[in-house]
Amino acid sequence: MFKPVALCATPLLLTGCTGALSTLDPAGPRAANLATLWWVMLYGSALLFALVMALFAMAYLRPAWVTRITPAQWIVGGGLVLPIPILILLTGTALVLGEQLLPRGDAPLRFGAHAERWHWTFTYPDGREMSDEVLHIPAGRPIDVAVTSQDVIHAFWVPRLGGKIDAIPGHENLIRLEADEPGTYWGQCAEYCGPGHDGMWFRIEAHASDDFAGLMGGGQ
Amino acid sequence: MSEQPSAIGLHKQLDAIWRTPPGLAGLSSVNHTILGKRFMMLALLFFAIGGLLSMLIRAQLATPNSAFLGPEIYNQVFTMHGTVMMFLFAIPMFEGFAIYMLPKLLGARDLAFPRLTAYGFWCYLFGGSILIVAMLMGVAPNGGWFMYTPLSSKPYTPGINADVWLLGITFVEISAVTAAVEIFVTILKMRAPGMALTRMPLFAWYMLVTAGMMIIGFPPLILGSILLEMERAFDLPFFDPTRGGDPLLWQHLFWLFGHPEVYIIFLPAAGALSTIIPVFAQRPILGYRAIIAAIVAMAFLSFGLWVHHMFTVGIPHLALAFFSAASALVAIPTAVQIFAWIGTLASGRPRWDIPMLYVAGFFVVFVIGGLTGVMLAMVPFNTQAHDSYFVVAHLHYVLVGGFVFPMLAAIYYWLPHISGRQSLYRLSIPAFWLILIGFNLTFFLMHLTGLMGMPRRISTYPSNWGWDWLNLLSSVGGFILTMGFALVLADMVLQFRFGARFRRDPWQAGTLEWATATPPPSYNLAAIPHIETRADQLQPARIGPALASGNGYLGFARNGEQETLAVDMMSGEAEQLIVLPRRSYLPLWTALATASFFLALLFKLYWLAPLGALATLVLFLFWPISLGSKSDRGPIDIGRDLAVPPDVEALNNVTVLANRTALVMNGTLFASLLFGGLFLLVVAPNWQGSNAPNLPLWTGALAMVASLSAAGAAAMAARRPGSVLPLRAGLVAAIALQSLALILLALSMGTLGDPTGHARQAMPFVTLGYAALHCGLGVIMAAHALWRHAQGYVSARRRTELVLARLWNGYAGGVVVLALGLGALLGLDGVAP
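Read top to bottom, the protein sequences are chains S and C.
For the first sequence, this note's numbering begins at 1 and goes up steadily by one.
For the second sequence, this note's numbering begins at 221 and goes up steadily by one.
Keep in mind that the hints were calculated from the coordinates and are not lab data.
Do not take every clue at face value.
Stated by the list, open to error - Simulated restraints on C-beta separations:
#1 805(C) to 80(S): 33 to 43 angstroms
#2 39(S) to 722(C): 48 to 58 angstroms
#3 36(S) to 455(C): 27 to 37 angstroms
#4 36(S) to 646(C): 41 to 51 angstroms
#5 520(C) to 128(S): 23 to 33 angstroms
#6 92(S) to 891(C): 50 to 60 angstroms
#7 80(S) to 891(C): 27 to 37 angstroms
#8 703(C) to 89(S): 48 to 58 angstroms
#9 703(C) to 36(S): 38 to 48 angstroms
#10 765(C) to 63(S): 30 to 40 angstroms
For each residue, glycine too, the CB sits at the ideal point set by N, CA and C.
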């Protein structure tokens, strides 16, 4: 039931934020956009945090610098003028980015990922079904995965390729992913689903277009 | 009145009336000071238990491939950690604090319903014990603290574990519900005369808004728990997608509670900060009105962003954008408060003391939590961070920053009020640094752990993902944090034993609670002051002695009765004299009967459960016996040359207000139920081709007419309190008609079709059941009014019971109409696609 992950995963030399499941080590355009959004928000937050801490510290350490700020300036400046433009900009950007990530427009290849405690079964555009915890996809082009569940709620997450989507019994959710290069991309169940939750790994194997076509054509 | 006794003589007289004797008689206490302390002590005990569980979690996760706890145990441990911290620690802690503090802060001698306070405490104790005992027996809940279905449904959690959560937590929530109503009513009605709403200390404003949020926020959770327990116990398919239910309904109901819950926990803590910071800034709070506007805005917004916990469930992106924007928007009222606090310090003459150290810790930790909160509100980023350790980090920054650090500041600020002794300072400073460093080491790294892909709630992990060193350091930090808390505990114990005694008001505060002697006497204030300025700018050290010698309202002992005042809600003009009920074992007995009901359900003794419910109801009927008056007394002297009528002779008294509040709460529960029915109709799978429920037109129409007529009859009785015959005829008619409606609704429930077959039958089944139950309550309230009238407690001026009968029968009438409406809608042929 619990996959011997340690045996089948190539030991990685880990530096900084890289890792086979790291969202900060993106391997596709979608994950890359999300990582960029994160870094921008991180720097912005660090600035805001420093500002608040500096003002708090000045109240004690350099009171002369801040005593002349009037109550209205504190409330209107800090409570409205400071956050509102930032929030509008950020929410707007996130909305546009979110729209771009949606599975819409020209229909790419559509795969299926069916969760059942505690493993995944994948289906292919030609209808084939395989439950060996590996999903083969073509690299360099977007694909859709229709995520469903047999029993409880699970979530389908391949951090290096994009965000996650829940697998909910009775519902079908679509997520669009894309890998830049051929390679192995690890995924896992992200929604707690019972005692086998920590072993619900899977892999996405991305292949060059020709190899993928061969794989699909060569199968039974 | 006889001539004025000395301050000590007055103390003896009042204490004789208000005190709870030592020993076993303590079980009968209804005093808010005693019960507030009990709430807080118990909450701290649960905090320790929750902390111990977190240590188990960190021990398990410190190293990869750990075999310390298996997944079965680990799942119970993390579920209990979250459950204990949220439901058994955070909420009861601030409730206990509000129970202890509000009357003193507002200038009342107790809360509006002292026996209800005691009943709430027992429910909290018994409900919490169910969870802890279950854990010790190895059958603790294991579905995660938000209990997502279908994982928590019968097929996937066949054992008792999920029932322990649903029943135990619902039992505990009784204390939250009673506390919310009581706090709301007390703040609105029981302030010192002259304390208009616009003069109220900010903490009371925060608690007023918090109580209002609890009144709207808790019913969805309680409803969800009831529905899920009914699904587990009786197989009614509300959440089962194969039979027309939907697991997403649970998520909506849970987070409809769960998100406001975060603000319900934060606001009391922020109220403490708004009280403490001006004292140490040595100037009044900056932006009093802006802060009130901010907390009201926060309360409204908090109900519009629950879906941000559900960004990955597959809701259309544009709908998510609305919740994303609302989630971002909530940063604005938060920022208003943060800058008002910093501005208060900056424009005052700030001094350091231990409480300010923890306030500084609050700023560091909470601001980070707020910033990551804005990040998580962004849908695309959320799809990566959701359900990862990034979220674990965020929620601990928000809750520890927004609740635990302010709580520690409040402990160091107010513990002298409880102990009558000052802090020792030796341990407080190292404790603070251990907590601050330990906390940040544990949780700051978790942001990165999450971004590196570690999902929450995994019991172990292999060593090849790069998470090893992060988890090890988090575990080390966790143990440092625990040492800090242990030092705080030691510090508190030492303060009680060795702290120096002090005269009034050690901090030079400006709020009324410091005008009491410390530790506070059983009656709080020997006289109630008249408030002429904003009530956070008083001089407790000066007015305290004057009040102690009886200069003020009610500065005397009269008839051995527990007297306090009610005021006009807005202006704070003295309005009524309240005589509070004495200490009693009834709350304990009633809570024990309630416990028998919950335990019967837990152990599936379904024949016993109705008996437990009946025993609870019968015991509640004993509560009013000691209340009220058989004669009209007219205005009574309250001192300062003022006379006001007793509250039983006023229409807008605390009892009526509390019942109106309870009905709003009840109405929210019913609205959530209707929402559930419509949600399943629109969203749930497997409705195509389902059988329509069969709801005969004539029974429905007749039930509706009967219930509405009962409401009309009760209203007529309430309008003619003076004349015996129409009054009795009206009440008898209400009883008869409401009983008829009850029977007809019960009959309709039988004709709907098998409620275990499909949600399309189950939903109208419970909705009609709810309506029938409220017809029954209408009968009881009308019968109660009739009985009180026969006993002589009701007159043209004393008509509270009649108003209650009118309110509850009117509510029942409305519910019957809407319940039948939902049944009819789900019964339409074309309605299921």
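Evaluation of the provided hints:
{"no.": "1", "hint": "805(C) to 80(S): 33 to 43 angstroms", "result": "violated, 54 angstroms"}
{"no.": "2", "hint": "39(S) to 722(C): 48 to 58 angstroms", "result": "holds, 53 angstroms"}
{"no.": "3", "hint": "36(S) to 455(C): 27 to 37 angstroms", "result": "violated, 50 angstroms"}
{"no.": "4", "hint": "36(S) to 646(C): 41 to 51 angstroms", "result": "holds, 50 angstroms"}
{"no.": "5", "hint": "520(C) to 128(S): 23 to 33 angstroms", "result": "violated, 52 angstroms"}
{"no.": "6", "hint": "92(S) to 891(C): 50 to 60 angstroms", "result": "violated, 33 angstroms"}
{"no.": "7", "hint": "80(S) to 891(C): 27 to 37 angstroms", "result": "holds, 33 angstroms"}
{"no.": "8", "hint": "703(C) to 89(S): 48 to 58 angstroms", "result": "violated, 43 angstroms"}
{"no.": "9", "hint": "703(C) to 36(S): 38 to 48 angstroms", "result": "holds, 40 angstroms"}
{"no.": "10", "hint": "765(C) to 63(S): 30 to 40 angstroms", "result": "holds, 35 angstroms"}
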